[in-house]
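For reference, the chains in residue letters:
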Amino acid sequence: MSSSVETVDSPGLGIAAPNAQTDGLRAIPRGRMGIWWFLASEIMVFGGLIASFVLERAAHGGWTAQAEHVHWVIGAINTLVLLTSSLTMALGLRAARAGEQRRLVTFLGLTILLGAAFLGIKAFEYSLEIARGFTPLAGLFWGFYYTMTGLHALHVLGGLAVNSTLWVLAARGRLWPRLQHRVEFAGLYWHFVDVVWIFLFPLIYLT
Amino acid sequence: MASPLEEVSGRGLTYFGVWEWLVALLVLGLAVFVLPISRTAAALLVLGFALVKAGLVVRNYMHLKREHLLLYFLVAVPVTLVLILLVALVPDIAQHH
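Those sequence lines, one after another, are chains A and B.
Counting along the first sequence from 1, when you hit position 175 you're at 370 in the numbering used here, and nothing is skipped either side.
Counting along the second sequence from 1, when you hit position 64 you're at 72 in the numbering used here, and nothing is skipped either side.
Honestly, the hints are just simulated from the structure, not real lab data.
Just to be clear, a hint being listed does not mean it is correct.
Unchecked claim - With the Cβ distance kept under 10 Å, some of the chain B side facing chain A (calculated, not the full set):
| # | residue |
| --- | --- |
| 1 | Val31 |
| 2 | Val42 |
| 3 | Leu43 |
| 4 | Ile45 |
| 5 | Asn68 |
| 6 | Tyr69 |
| 7 | Leu78 |
| 8 | Leu79 |
| 9 | Val87 |
Being a predicted model, the structure only gives us computed values, none of them experimental.
The beta carbon of each residue, even a glycine, is placed where N, CA and C say it ideally should be.
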């Protein structure tokens, strides 16, 4: 057990941490730059959807009545699940950087389980809403609801596929040096998916 | 081996500490709707909490605060474009409704 206290500011170990003050542009690894470019394009996708939702909602006062039928408790539980999965993903990256294979396997496994739980809860929620007649064609609000949460769920599914692949590689102890970078990139994507939900939850369920 | 539950003595947040803040903000966001304030004020408060939560995740879990300035621009440009889209469409929405 290490006696050092490791903070978010000093995760250390393994991959060289970037330093905005001393490193030049070339210090950014190409893979990290690539995933941030990808995430920037994803901001446009979800940002455009969210902007459309906000404007349409402002234009149609009747949406408030429709929005009251969503299950905010289920949404809150799912938010907690996804926030926790971000914690386990971050801890997985720290384990990867420290070369702790067993801990990486454990934390990646927990992240996968939490992601699967999120999708399972979402599917249950969809079934409740569809059973009450709130299908994607039930109104503009429900169209937006299923589009935004469905697109987000697809992203969670993609993240699950990547994390599962990394979990298998980590469990077999293969590709260890490269795996650290891959866990970092998968983590960036996973946290982004979490950030998207952080905005979707209050917009759809609370406001 | 570092524990996720390790406490930090005034030098920054642990990953677990960030998670605690995220959960606290989630609970606060739910609690504002029982406060005797208008629905609009509550909605603005909740969206404010969402901004703080997103900032916590991006800066601490995605480590953006230790990244090169260029990556900040990469994030800022699409966010700005989305805001421009939002503002640019407001007159159109107002005219039709």
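Status of the hints after comparison with the structure:
About 7 Å separates the beta-carbon of Val31 of chain B from the nearest beta-carbon of chain A, less than 10 Å, and the hint is met. Annotation: Val42 of chain B was flagged as interfacial toward chain A, and the flag is violated, the nearest CB pair being 12 Å apart, outside 10 Å. At a threshold of 10 Å, the smallest CB-CB gap from Leu43 of chain B to chain A is about 13 Å, leaving the interface hint violated. Given the 10 Å rule on beta carbons, the hint for Ile45 of chain B is violated: about 13 Å separates it from the nearest Cβ of chain A.
A least Cβ separation of about 4 Å between Asn68 of chain B and chain A falls short of the 10 Å threshold, and the interface hint therefore holds. The interface hint given for Tyr69 of chain B holds, since its Cβ lies 5 Å from the closest Cβ of chain A, which is under the 10 Å cut-off. About 6 Å separates the beta-carbon of Leu78 of chain B from the nearest beta-carbon of chain A, less than 10 Å, and the hint is met. This hint holds: Leu79 of chain B has a C-beta 5 Å from the nearest C-beta of chain A, less than the 10 Å allowed.
With a least beta-carbon distance of about 6 Å to chain A, the hint placing Val87 of chain B at the interface is held under the 10 Å criterion.
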